[in-house]
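Student: Going by this note's numbering, the sequence shown opens with residue 1, and the numbers climb by one from there.
Heads up, none of these hints are tricks.
In silico lysine-lysine, DSSO-like type, Cα no more than 30 Å apart, as pairs: (1) Lys344 - Lys355; (2) Lys301 - Lys217; (3) Lys836 - Lys822; (4) Lys645 - Lys530; (5) Lys344 - Lys836; (6) Lys645 - Lys196; (7) Lys177 - Lys217; (8) Lys831 - Lys344; (9) Lys677 - Lys344; (10) Lys355 - Lys831; (11) Lys217 - Lys253; (12) Lys340 - Lys831; (13) Lys530 - Lys619; (14) Lys732 - Lys836; (15) Lys677 - Lys732; (16) Lys355 - Lys732; (17) Lys248 - Lys177; (18) Lys340 - Lys836; (19) Lys196 - Lys217; (20) Lys732 - Lys822; (21) Lys645 - Lys625; (22) Lys732 - Lys340; (23) Lys307 - Lys822; (24) Lys530 - Lys677; (25) Lys822 - Lys344; (26) Lys196 - Lys253; (27) Lys822 - Lys340; (28) Lys619 - Lys645.
Computed Cβ-Cβ distance ranges for the label pairs, DEER-style: (29) Gly132 - Gly208: 17 to 25 Å; (30) Ala646 - Ser157: 27 to 35 Å; (31) Ala210 - Gln113: 19 to 27 Å; (32) Ala646 - Gln249: 32 to 40 Å.
Quick caveat, the hints were computed from the structure, so don't treat them as lab data. The C-beta atom is built at its ideal place from N, Cα and C for all residues, glycine as well.
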Amino acid sequence: MSKQAAMDRSRLLRGRLFPPKEKSPRRKGAGCEPCRQISQSSDFLPSPLHFCADQDRRLVDCQQLTIWEVTVKNVWFSPILLIGAVVAPEGTVLAEGGRDPAPITLQTLWDFQNGELPGGIAMNNASAVPTGDHGGDRALHVHLNARDHMYSGFSISFDRPRDWDVGNEVGLALDLKNPGNRSIQLYLELSDVSGKSFTRSAVVAPRGDATFYAVLKGGELALESGLREAPSRWRSDASPFIWMWGTKQLDLKNIKAMSISAIGLDADRAFLVDNIRLVRPAAIDAGHLTAIVDRYGQAAKFDFPGKVVSVDALQGDAQREGAELAKSRFQDRSRFGGWKVGPKRAATGFFRTEKIDGKWWLIDPEGYLYFATGIDNVRMSNLNTMTGIDFDEAAIVQWTATDVIPEDSRGLERVPDAALPSRYVRSPLRRSMFEWLPNYDEPLGGHFGYRREVHQGAVPRGETFNFYRANLERKYSGDEKHFMGRWRDVTVDRMLGWGFTSFGNWLDPSFYGNGRLPFFANGWIIGDFKTVSSGDDYWAPLPDPFDPEFARRADVTAARIAEEVANSPWCVGIFIDNEKSWGRMGSVEGQYGIVIDTLARSAEQSPAKQAFTRLLRDKYVQISKLNSAWGTQIPNWESLGSGFKAVQHNAALESDYAMLLEAFAARYFEIVRGASKRFMPNHLYLGVRFATWGMTPEVVRAAARYTDVLSYNEYRETLHEEQWSFLRRLDKPSIIGEFHIGAPDAGLFHPGLVMASDQRERALMFESYMNRIIEHPQFVGAHWFQYIDSPLAGREYDGENYNVGFVSVADRPYPELVEAAKRVNAALYRKRFAAKAEGY
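Generate coordinates for the entire structure from the input sequences, incorporating the hints supplied.
Tutor: This is the structure in structure tokens:
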């Protein structure tokens, strides 16, 4: 399409879909001929954009090296016009041959050439010594005592804050070398004097030696793109540290500390770090977020293994895979996936647990030993991405307190036809990311949806598109019933062919009646009940389980799940809720935040506060005895009920915090178990899938009293003994609800929470993690998160865009991971049965 045709189409679509808007002021008429043509012909120009680069993205002759200064609202702009430009600072010469230039050093912080350790350095389960092993230069050689310690690394703290605000675009760069034969994932943390910090991560390949950088200041930090990690605005031959968590913009004039560490490694590792420096980019890519997604939902600007370029390729995949899956079956399995050739126990017609020779097992409905392996999130939810389009809010059906499915677990949720005339561009930035999107009345237009709210992102709500679902229609053709039916059949065939014994959590209920593979059901308790805060409410505040409305909504949720499960013997058990912020270990405030927050509330407004006050009165009887223990001067019980916050925490107060936290959690699990068993007495209650960053010993103990199986989501290289030794004390069957590993070679911008260097190593790490679980006597299963890679432009709810799928957005399985799964599952029952319980 020519530029003029694209502009004509842009004006046509604006007139058809969007109400006229007042023009924004703009600077125009300067620069090269393409710039003048576009600026003079267009009603609006998205910002920040520059239109002076040829197809090879080399800087061309143009006098206008500024970014258009415009304000854009409610505008659609044809992506073909959004030509990214390389903007080079004055005096910069770009590298020859199309290579990206190295970052330019502004200030060297540490180069270790003097053979001394930096002042303020502290080792955490590590040792460090300057060495000459980095190409003849001295570097800091760091040995991590990671096998025996969950956390290892070093930090550098400053007596006086450091001023690192040395330019308009500033980054921290360092050289990392991995002398080992396994990759190492490292975390970079930086903090300022106010307590703000960020954590980013990088994986250094086996025998790898590379430069990594983290942007500290510049335009991209202030930009909310809706991607957990976006393509970098810096044109550089170095690799960016990947965003993990924290505050993007720190006070660079007052930097307090930095650290480099590893978390949850399964063996000791070593690395070299050198040339820690402040840098600026040699060139800026002003179009780094423009036209980054192709028509298949893949990365548009670079190639990678497995990239799809035609519909014929997708349809060819379907024909080849059908023949392969027909040949692949595991012969040692019972009807329900148990160990058909192993010992047989009492059959009850449903799944249950039993401890045999010191190891916990699940027992399948026919009495065979059973261990659950499988994949989570086999559904269309979480596969949608925000398009930047929105509608008149009055035309959208809104959330109500009677809903039972949270927003991020819904399907497409297409808007009513009556809303279509109000369609407008809410975020030009998001809309410009896509090379192609269909119209609603065109082929593949049936894959649009809508989200009424998000957790975080570029827009608070809006239109979505599901590229994976569109690719299924391309692949299998036919109407929705046909291509979705084919997808379900192929998916079950894949799970069985790859040797998995179950579907994991977040399964589309349309699979519940498949009759070939066991499944785990799930639900959420949502509603208009009161809440409390842990002080670190990542997903949401916690429900107040002492509020009668919570118990009522628990029954509503359990009834809905029971209706879907229909007393099926194929259902292993039920997860209810997920990754709640029960407390974060490391400080009194973090561990007991729920109690501290609740005690500060008025009993009149908080059922939990009323319950806490009763428990304390039962323990102390007299307020004077409580004051004596706590070191306080609370006048009476009524004063405690109106709100209390401790100035300091002594041992007696912390002990009572622990008692109250366990009582709070026990009430939650008692209510949820009761609802689950009332409506599904034959199915296991599997708990809440603890995030290991958001659980405390008190809460886990309470859960152990009421769940049939404890569940955890653990995103690490392995289950580290230092963190997981408590399992022996609990002696409770447990399951890993989520884990994953990603790699940077799959065409996504973020590998995932746990990183491998490539697909081959990703498969080996999967194998190692699973074997650790299989051999552990307390575990009865583990599920990988998730079936399909996250959307390249970020899942609609929170922007996750990870390489964590067994299949890509084009529905292409990752062969290395599939083969690893087959190996693990082929040896599953022999390995589990032979494992020694006393080794843990």
